[in-house]
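Asker: Just so you know, the sequences run in chain order Z, B and C. So the first sequence is numbered by my numbering: it starts at 2 and just counts up by one. So the second sequence is numbered by my numbering: it starts at 2 and just counts up by one. So the third sequence is numbered by my numbering: it starts at 2 and just counts up by one.
Be a bit skeptical, because a hint or two may be false.
Same chains, same names: a pair is fine if it fits in one copy or spans any two.
Straight-line distance between alpha carbons at most 25 Å, and here's what the computed SDA-like set of lysine to any residue pairs gives [said to hold, decoys possible]:
{"#": "1", "residue 1": "K204", "residue 2": "V77"}
{"#": "2", "residue 1": "K23", "residue 2": "I237"}
{"#": "3", "residue 1": "K204", "residue 2": "R242"}
{"#": "4", "residue 1": "K196", "residue 2": "P102"}
{"#": "5", "residue 1": "K196", "residue 2": "D238"}
{"#": "6", "residue 1": "K23", "residue 2": "S64"}
{"#": "7", "residue 1": "K196", "residue 2": "R100"}
{"#": "8", "residue 1": "K196", "residue 2": "P249"}
{"#": "9", "residue 1": "K23", "residue 2": "Q132"}
{"#": "10", "residue 1": "K196", "residue 2": "P240"}
{"#": "11", "residue 1": "K204", "residue 2": "T70"}
{"#": "12", "residue 1": "K196", "residue 2": "G226"}
{"#": "13", "residue 1": "K204", "residue 2": "S85"}
{"#": "14", "residue 1": "K196", "residue 2": "G208"}
{"#": "15", "residue 1": "K196", "residue 2": "G254"}
{"#": "16", "residue 1": "K23", "residue 2": "P240"}
None of these hints come from the bench; they were simulated from the model.
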Amino acid sequence: VVPSHPPPESDGDESWVWSQIKAEARRDADAEPALASFLYATVLSHPSLDRSLAFHLANKLCSSTLLSTLLYDLFVASLAAHPSIRAAAVADLIAARSRDPACAGFAHCLLNYKGFLAVQAHRVAHVLWAQSRRALALALQSRVAEVFAVDIHPAAAIGKGILLDHATGVVIGETAIVGDNVSILHHVTLGGTGKAVGDRHPKIGDGVLIGAGATILGNVRIGAGAKVGAGSVVLIDVPPRSTAVGNPARLIGGKKGE
Amino acid sequence: VVPSHPPPESDGDESWVWSQIKAEARRDADAEPALASFLYATVLSHPSLDRSLAFHLANKLCSSTLLSTLLYDLFVASLAAHPSIRAAAVADLIAARSRDPACAGFAHCLLNYKGFLAVQAHRVAHVLWAQSRRALALALQSRVAEVFAVDIHPAAAIGKGILLDHATGVVIGETAIVGDNVSILHHVTLGGTGKAVGDRHPKIGDGVLIGAGATILGNVRIGAGAKVGAGSVVLIDVPPRSTAVGNPARLIGGKKGE
Amino acid sequence: VVPSHPPPESDGDESWVWSQIKAEARRDADAEPALASFLYATVLSHPSLDRSLAFHLANKLCSSTLLSTLLYDLFVASLAAHPSIRAAAVADLIAARSRDPACAGFAHCLLNYKGFLAVQAHRVAHVLWAQSRRALALALQSRVAEVFAVDIHPAAAIGKGILLDHATGVVIGETAIVGDNVSILHHVTLGGTGKAVGDRHPKIGDGVLIGAGATILGNVRIGAGAKVGAGSVVLIDVPPRSTAVGNPARLIGGKKGE
Numbered sequence: 002v003v004p005s006h007p008p009p010e011s012d013g014d015e016s017w018v019w020s021q022i023k024a025e026a027r028r029d030a031d032a033e034p035a036l037a038s039f040l041y042a043t044v045l046s047h048p049s050l051d052r053s054l055a056f057h058l059a060n061k062l063c064s065s066t067l068l069s070t071l072l073y074d075l076f077v078a079s080l081a082a083h084p085s086i087r088a089a090a091v092a093d094l095i096a097a098r099s100r101d102p103a104c105a106g107f108a109h110c111l112l113n114y115k116g117f118l119a120v121q122a123h124r125v126a127h128v129l130w131a132q133s134r135r136a137l138a139l140a141l142q143s144r145v146a147e148v149f150a151v152d153i154h155p156a157a158a159i160g161k162g163i164l165l166d167h168a169t170g171v172v173i174g175e176t177a178i179v180g181d182n183v184s185i186l187h188h189v190t191l192g193g194t195g196k197a198v199g200d201r202h203p204k205i206g207d208g209v210l211i212g213a214g215a216t217i218l219g220n221v222r223i224g225a226g227a228k229v230g231a232g233s234v235v236l237i238d239v240p241p242r243s244t245a246v247g248n249p250a251r252l253i254g255g256k257k258g259e
Numbered sequence: 002v003v004p005s006h007p008p009p010e011s012d013g014d015e016s017w018v019w020s021q022i023k024a025e026a027r028r029d030a031d032a033e034p035a036l037a038s039f040l041y042a043t044v045l046s047h048p049s050l051d052r053s054l055a056f057h058l059a060n061k062l063c064s065s066t067l068l069s070t071l072l073y074d075l076f077v078a079s080l081a082a083h084p085s086i087r088a089a090a091v092a093d094l095i096a097a098r099s100r101d102p103a104c105a106g107f108a109h110c111l112l113n114y115k116g117f118l119a120v121q122a123h124r125v126a127h128v129l130w131a132q133s134r135r136a137l138a139l140a141l142q143s144r145v146a147e148v149f150a151v152d153i154h155p156a157a158a159i160g161k162g163i164l165l166d167h168a169t170g171v172v173i174g175e176t177a178i179v180g181d182n183v184s185i186l187h188h189v190t191l192g193g194t195g196k197a198v199g200d201r202h203p204k205i206g207d208g209v210l211i212g213a214g215a216t217i218l219g220n221v222r223i224g225a226g227a228k229v230g231a232g233s234v235v236l237i238d239v240p241p242r243s244t245a246v247g248n249p250a251r252l253i254g255g256k257k258g259e
Numbered sequence: 002v003v004p005s006h007p008p009p010e011s012d013g014d015e016s017w018v019w020s021q022i023k024a025e026a027r028r029d030a031d032a033e034p035a036l037a038s039f040l041y042a043t044v045l046s047h048p049s050l051d052r053s054l055a056f057h058l059a060n061k062l063c064s065s066t067l068l069s070t071l072l073y074d075l076f077v078a079s080l081a082a083h084p085s086i087r088a089a090a091v092a093d094l095i096a097a098r099s100r101d102p103a104c105a106g107f108a109h110c111l112l113n114y115k116g117f118l119a120v121q122a123h124r125v126a127h128v129l130w131a132q133s134r135r136a137l138a139l140a141l142q143s144r145v146a147e148v149f150a151v152d153i154h155p156a157a158a159i160g161k162g163i164l165l166d167h168a169t170g171v172v173i174g175e176t177a178i179v180g181d182n183v184s185i186l187h188h189v190t191l192g193g194t195g196k197a198v199g200d201r202h203p204k205i206g207d208g209v210l211i212g213a214g215a216t217i218l219g220n221v222r223i224g225a226g227a228k229v230g231a232g233s234v235v236l237i238d239v240p241p242r243s244t245a246v247g248n249p250a251r252l253i254g255g256k257k258g259e
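Produce the complete structure using the sequences and hints provided.
Answerer: Structural data, given as C-alpha cells:
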C-alpha cells in the first residue's frame, strides 16, 4: 500500500524514507526468516540510507579485481560529499513508489530494482567524471553495464525522481541530458546517429515517459511531459506534452492541455 | 541428434529425461576433461533432476548476502513439495530439445540456457508469492533479473513446455498469463500500457510463438497457436492461429487451418 | 585523443597496441590510486596482451563450478595456438578506438567493453567448436550470454575489426557469418525465421553498420558497406552500400558511390 500522503520533497525526506525502509525490512525479516540475514546485512545493520546504499552497491559491483571495500569507501565518500546525490536517490525511491504499480515498498526498490541501483552508481560516476577521475568513472560504468545491463556514460546528466523500470538494456550516451521525474522503460536507447561528433545525444525534458524499446537518436529534444511510445524510433524533436509513436516516429493526438 | 521417439509427456518423463541428462554429462566429461569437474558438481554427483537443478540454480543466483545454501534448501523444498514444478521443468526441457534447432541435448539446456533457468526460478517464486511469502519471491525475481536479464513478476502465471530462447531482456508483468507450449524469443515484453491498474498485462494462449523484440502491451489476448512477428508492437487482441506483424501490429494472412 | 597516425594492420600491431595499453594503464594507475591494484592485476603484471586478455576473460567468465584457473589455461593455450585470434583482437581494439567516439583508449576497450570481451571469448569458442569440443564451446557461449548478455553461437563465423558497441542483448545464430570491420550496436539480432533448418541465419558483408535494435532474420545477405537502421526488421537481401530502414525494412536512397 502506498502511504496515503507521501510527503513533499524536502530535507526531511531522507530520514522519513530511511525510517520506512527500516520498518519494511524489520517486518520482512520477522515474517521471512530466510531473508533475515540478507536484510540485516543490507539494511538493518546500517545507521543511514547512504551507508546501506553504499554497502549494497559495493557488493553488487565488486569483482575479484575491483574490491568491495574500495567501492564501499568510494560510495560512502561520494554520498557524504554530495547531498544532491542523496536527495536524488530519495526522489527516485519516491518516484518508484508512486509511479510503478508493481513497487511493493521503498525497501523493495532499494534492494531489488537494478534500474535504481544503476542510476545511483551513475551519479557517483558522473561526479568522478566532472572531477576528471575518468578512468575510475569508466570502470564504474563498465561494472554497471555488466552487472545491471544498464549502460549510462558517466558524462550524461540525469535529473532526480527517475524511474528506470525493469532497466535491462537501457543505453544513455555521453552528451545526453535527462530532466527530472522521467520514466524510462527497459531497452530504451538515448543514442547517437553515428553521423555526428560532439553534442550528439538526446535531451529529455522533465516528466517525459519513454516506452519499452524506444530508440531516440541524435541531438533531438523531447519536450517536458511528452510521451514516446514503445518500440518507437525517434529522430525528430517531440514538442512538450505531445506523443510520438512508430518507426519512424510521428506525432499523434496533438498537445494535451494546451 | 534428437532421440527419434521422444516419449509422450507422462509420469515417467522425469526419470527418462534425468537418465538422458546423466548419459550426456558422462559422455561430455569423458570427452572433455576440462569440463569433468563442472559436470560432476552440477549433474553427476546428484541423485535426481530436482537436486541437480536446485544446486545449479542456487549457485547461479546466490550472492555475498543471499547465500547459496539458503537458496539450495529453498529450491529443494519447493521442488519436493510441488511435483507440478518438476513436471513443468521436464516439459520445458523436452520443448527446448524439440523446438530449438540449436539445442544440443537435455544437459545443454539444463546447464546452459538462462531462459530455462529463469523460468524454473520463477515457478518457485510464483509458489512463494501464492503463499504470501512476497519479500522472498521479489528477492528471487530480482536475482533472476540481474543474473539472467529475465524479469518475470512472481505473480505472473506461466504454463509448461515453455521455451525462452536466448532470453536476454524478456519482461513479463504482474498480471500476465502464459499458456502451455509457448515459445518466446529474447527482448519480448508482456507489459502494461501505463494507463491501467489492476489486471493490465497480456494473456498468451497455448502454442503461441512470439518473435524477438516483440512488445505486447495491455490486457490483450493472443489466441492459441497465434504468431507475433519479430519487432512487433501489439496493442490489440490477436485471434487464434493468426499472425500479427508490424508497429503497430496488424493481422496478416488470416487464420490458418480454419 | 586518437593517435594521429594509427599504423596499418601488420604483424607489429600487437606489440604496438600492447605498449599503448601498458602506457595508458600506468598513467591511470598513477593518477587514480583506487585503480592501481586493479590495473596491476589486469594489465601491468602481464608480459603480453594475450596473457592480460586471458586473465581478464577468465576472471569475468569463471563461476563457482567453472574455475578461473581452468579458463585461464584454456584462453592462454588458444591464443598461443591461434595467432589469427590475437590479430583479430588487435584489429577489434583499433576498430573501437577509430569508430567509437566514446572510446577513451585501448585499455578502456580491453578492460571495460563487454562487447569486445564477448567477441574474444567467442573466437576461442569457435575454435573449440571446429575441433569438435562442443560441450566446452557451448559452456563458454553460455557464460558469455550470462555475464555479458551477448549470445553468439560458437559455430557463427565472425571477422576482424569488429565493434559491438554497448553490446547488451546481441544475439548471433549458428549459421551466421559476419565479415570484417562490421559495427553492431546493442540489441541486434542475426537470427532465424523459425521456418528454416540448416543454413538459416544472415550473412553480413565487410564494413556493414547495424543500428541499435535491428533484427535481421533468415539466410539473407547484407552487402558490403550497407547500413541497417536502428529498430529495423530485415527479412530481405540488402545490396552493397545501400541503406535499409523500417519495420519491415525497405531500401532507401539507392546505392552510394556507384
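Asker: Now look at each hint and say whether the structure bears it out.
Answerer: Verification of the supplied hints:
1. K204 x V77: Neither, since 30 Å and 45 Å both go past 25 Å.
2. K23 x I237: neither (45 Å within a copy, 43 Å between copies)
3. K204 x R242: within (15 Å within a copy, 31 Å between copies)
4. K196 x P102: between (39 Å within a copy, 11 Å between copies)
5. K196 x D238: both (17 Å within a copy, 24 Å between copies)
6. K23 x S64: between (28 Å within a copy, 21 Å between copies)
7. K196 x R100: between (36 Å within a copy, 11 Å between copies)
8. K196 x P249: both (18 Å within a copy, 23 Å between copies)
9. K23 x Q132: Between copies only: 24 Å across, 34 Å inside.
10. K196 x P240: Both, since 24 Å and 21 Å are each at most 25 Å.
11. K204 x T70: Neither. Shortest intra-copy (36 Å) and inter-copy (46 Å) distances fail the 25 Å Cα cut-off.
12. K196 x G226: between (28 Å within a copy, 15 Å between copies)
13. K204 x S85: within (21 Å within a copy, 43 Å between copies)
14. K196 x G208: between (29 Å within a copy, 15 Å between copies)
15. K196 x G254: between (31 Å within a copy, 16 Å between copies)
16. K23 x P240: For K23 and P240, the Cα distance exceeds 25 Å both inside one copy (42 Å) and across copies (48 Å).
Violated hints, listed in ascending order, are 1, 2, 11, 16; each of the other numbered hints is respected by the structure.
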